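**Student:** Each chain, written out:
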Amino acid sequence: MAIKKSTNKFWRQGEPFVWGTALALTLVLFMTLLLFYVVLANGITVFWPKNVTLATLNKGGYALGEVVKDEKNPATGKKRFQFKIGNRDLYGLDFKWIDSEDIKSFSTPSDVYVLERQENGNFYGYIKELKTPGLVLPAGKKESLQAALDAIEPQQLEVKKIDRQIAALNAKVEQNNNKLLKLRYKKEEHSAAAVALHEKISTIKHEFEQLVTELGSKQAIVAANEVVFVDANGQEKTIRLADIVRFYQPNSMSWWQKWGYYGKRLKELLFAEPRESNTEGGLFPAIFGTIMLIFMMSILSFPLGVIAGIYLREYAREGYLVKMVRIAVNNLAGIPSIVYGIFGLGFFVYGIGSQIDLLFFPEKLPTPTFGTGGILWASMTLGLLTVPVVIVATEEALGAIPPGIREGSQALAATKFQTLTRILLPMASPGILTGFILAMARAAGEVAPLMITGVVKLAPALPLDGSFPYLHLDRKFMHLGFHIYDIGFQSPNVEAAKPMVYVTTLLLILIVLIMTSTAIYLRNRMRERFSVADL
Amino acid sequence: MIHSDTAIMPIENPQVEVEHLNLYYGTSQALIDMNFGIPASQVTALIGPSGCGKSTFLRCINRMNDLVEGLRIEGLITIDGENINNPALDVIELRRKVGMVFQKWNPFPKSIYENVIYGLRIAGIKERSVLDQAVEQSLKRAALWDEVKDRLQQSAMGLSGGQMQRLCIARAVAVNPEIILMDEPCSALDPRSTSRIEELIRELRGEYTIIIVTHNMQQAARISDYTAYMYLGELIEYGPTQKLFTVPERKETEDYITGRFG
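Top line first, the protein sequences correspond to chains P and Z. So in the numbering used here, the last one in the first sequence is 535, and the numbering has no gaps at all. So in the numbering used here, the last one in the second sequence is 262, and the numbering has no gaps at all.
These are calculated hints, taken from the structure and not from any lab test. Among the hints, erroneous ones may be present.
Cross-link-like lysine to aspartate or glutamate pairs, in silico, DMTMM-like; alpha carbons within 20 angstroms at most [to be verified]:
id, chain 1, residue 1, chain 2, residue 2
1, Z, K110, P, E528
2, Z, K140, Z, E198
3, P, K416, Z, E114
All figures in this text were calculated on a predicted structure; none of them were measured in a lab.
Just need the whole structure built from these sequences, with the hints factored in.
**Tutor:** Dropping the structure here:
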């Protein structure tokens with residue numbers, strides 16, 4: 001009897017329920033931390049220079065590369081190693097599995113070079129000789145390679161400068177061609193203006209050709225500088241210095257040198273353009289695209305949502321219709337994002353976009369200007385996706401303000417509008433911002449609707465640049481979320497792309513975290529200012 | 001019910017005059033044929049059991065009931081001879097003339113300074129000197145100045161309940177109204193704060209016409225010059241406070257004030 005009584009008490013007090021709640025929370029925390037751990041642990045080590053291992057093989061010959069991982073060979077049950085052997089232009093593939101029984105011994109030769117190249121991935125090997133006509137180089141292979149690279153750097157920069165000039169001229173020609181198209185469309189192709197334009201274009205083209213010849217000669221000078229490398233088995237490979245992004249000797253690097261290298265790679269990641277179909281190089285265009293997209297989305301959706309929420313709570317007469325609208329808005333927040341994407345494509349791109357083209361850019365048709373995906377349409381689609389959340393948040397925040405505050409303001413001869421702008425909106429702002437933060441975090445990670453409204457694998461130009469009209473809303477853009485999908489799952493060389501997937505994921509998470517924590521900081525400051533905890 | 005005229009005392013030159021006032025919430029009637037006048041510069045108390053329509057009547061005077069949906073008013077309320085329900089009358093002007101203090105203090109989440117000058121800012125006054133002066137004067141009149149003069153720029157949310165209520169009175173006084181409506185201003189306060197506010201009301205008497213709704217009969221007796229007793233939407237008796245509390249005309253009033261009912 002006594003035992004029964006105590007078990008009754010046990011169940012009555014709900015001890016198991018308390019454990020259940022704790023367990024649920026633990027589970028959620030564990031999953032979240034695991035996710036962060038995997039991304040962080042893999043992402044953060046990508047740029048750390050790994051030692052290069054030389055494996056002497058039983059059947060003769062060598063394999064040189066970074067040991068990426070080891071596992072049990074599913075066929076034989078023996079251990080095997082995955083080597084990143086690089087040298088894609090020599091071997092055809094970057095990665096190779098080698099069974100442990102085939103390996104006689106391992107070593108880490110200190111004079112191994114790793115080259116990061118513009119094309120064909122890393123090269124692992126040794127320097128044989130430098131072919132640098134006209135350059136005076138110091139003794140020592142490493143020093144002379146460094147000196148040669150330093151020597152051609154100014155010329156490389158000049159080549160890049162000419163490249164930029166050519167691009168600028170191209171843009172000019174494009175602009176004038178567009179003007180010409182407009183004239184042709186207006187049937188004024190023989191007018192004085194058109195003739196002047198033709199003349200202008202031909203002078204630009206002349207300039208253009210001069211630059212191209214200059215570029216050719218400069219490139220030839222640079223290209224004359226080569227270095228001969230040999231791989232572990234003595235196979236020779238001549239590499240142009242211009243193709244070398246950087247070289248390092250991981251096996252003889254000190255800890256500080258490794259950090260220096262890490263910093264360089266990080267800088268490249270944040271500020272450089274991608275190379276090798278996005279699996280190498282930087283992410284700058286994607287970072288820029290992501291941030292700009294979120295900003296444009298915010299500019300479009302935040303005011304719209306807040307204003308709609310104000311109307312719904314403060315001005316609309318409570319009734320059947322308003323109830324229906326409220327239900328509809330709440331449901332909108334739950335619609336899958338791809339549906340918004342399809343709507344964006346159909347309504348914004350093909351609907352509004354093609355009408356804009358008909359009205360303002362008829363001369364370019366059938367080449368679409370706004371009638372194709374672009375950052376404007378993508379941000380409008382995302383804006384549409386976030387507006388319901390902002391509306392609901394605004395409504396709830398306004399509804400949570402005690403009615404006495406409204407009456408107090410109106411009794412002091414304030415109009416409804418004055419009460420709204422001076423009292424209610426400041427008081428509701430923390431709540432509105434909370435909703436907006438949630439919406440922003442969701443939108444920042446959306447990829448599906450972007451894929452059909454304007455994101456691309458590689459955008460030739462940023463949507464914001466120095467050429468008139470500076471903000472190019474019709475341009476396509478790159479995005480970190482799409483980048484992850486693209487390099488991780490659409491890349492021809494998945495193994496080589498893997499580190500970049502982790503880095504990109506980490507970066508996307510960081511950007512979202514930075515943006516939301518800034519917003520949370522702002523919200524908390526407002527909450528301190530406008531709280532009515534005592535009422 | 002037909003009342004003898006002696007129960008509702010006529011007032012000469014009333015500032016607020018109520019004639020045949022009927023008020024309906026949808027189909028139910030909340031105020032029934034009220035007729036009386038409220039004198040200027042005096043304290044008039046409205047007493048009666050809960051739900052008798054005291055607050056509803058009070059909110060008619062500055063048209064706070066405009067905010068309530070489904071509410072209908074018949075009859076006439078005039079202030080200084082002007083019909084306040086006249087569609088041509090600007091309700092903002094009316095509320096500038098008729099201030100209000102609520103049962104539950106409702107300072108805005110702003111600084112003490114900004115709270116006091118809210119009505120002035122709304123009225124478009126920007127001169128710093130005028131505002132500064134108004135803050136000092138109003139807070140002094142609300143007997144709050146000494147307590148807050150060193151922290152005017154701090155949030156009003158840090159004040160105690162009684163201080164907040166006095167701040168609300170200061171806020172109402174700052175726009176210099178002629179009439180101040182008070183809807184049970186002490187019902188949520190402790191006895192000390194209550195006595196401070198009662199003291200304040202006695203000080204404001206003479207400068208402003210004060211109409212106060214109260215549940216507390218002792219309070220009505222202590223602070224008011226005139227008292228109106230309402231029951232179930234009707235005005236039962238109205239007259240000088242001393243007379244109403246000592247020799248009430250009507251049986252219902254006597255029952256209520258002696259505590260036999262209510």
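**Student:** Determine for every hint whether it applies to the structure shown.
**Tutor:** Going through the hints against the structure:
Pair hint K110/Z plus E528/P holds up; C-alpha atoms about 11 angstroms apart against a cutoff of 20 angstroms. Using a Cα cut-off of 20 angstroms, the hinted pair K140/Z and E198/Z holds, with the two alpha carbons roughly 15 angstroms apart. Our distance criterion of 20 angstroms between C-alpha atoms is met by K416/P and E114/Z, whose separation comes to about 19 angstroms.
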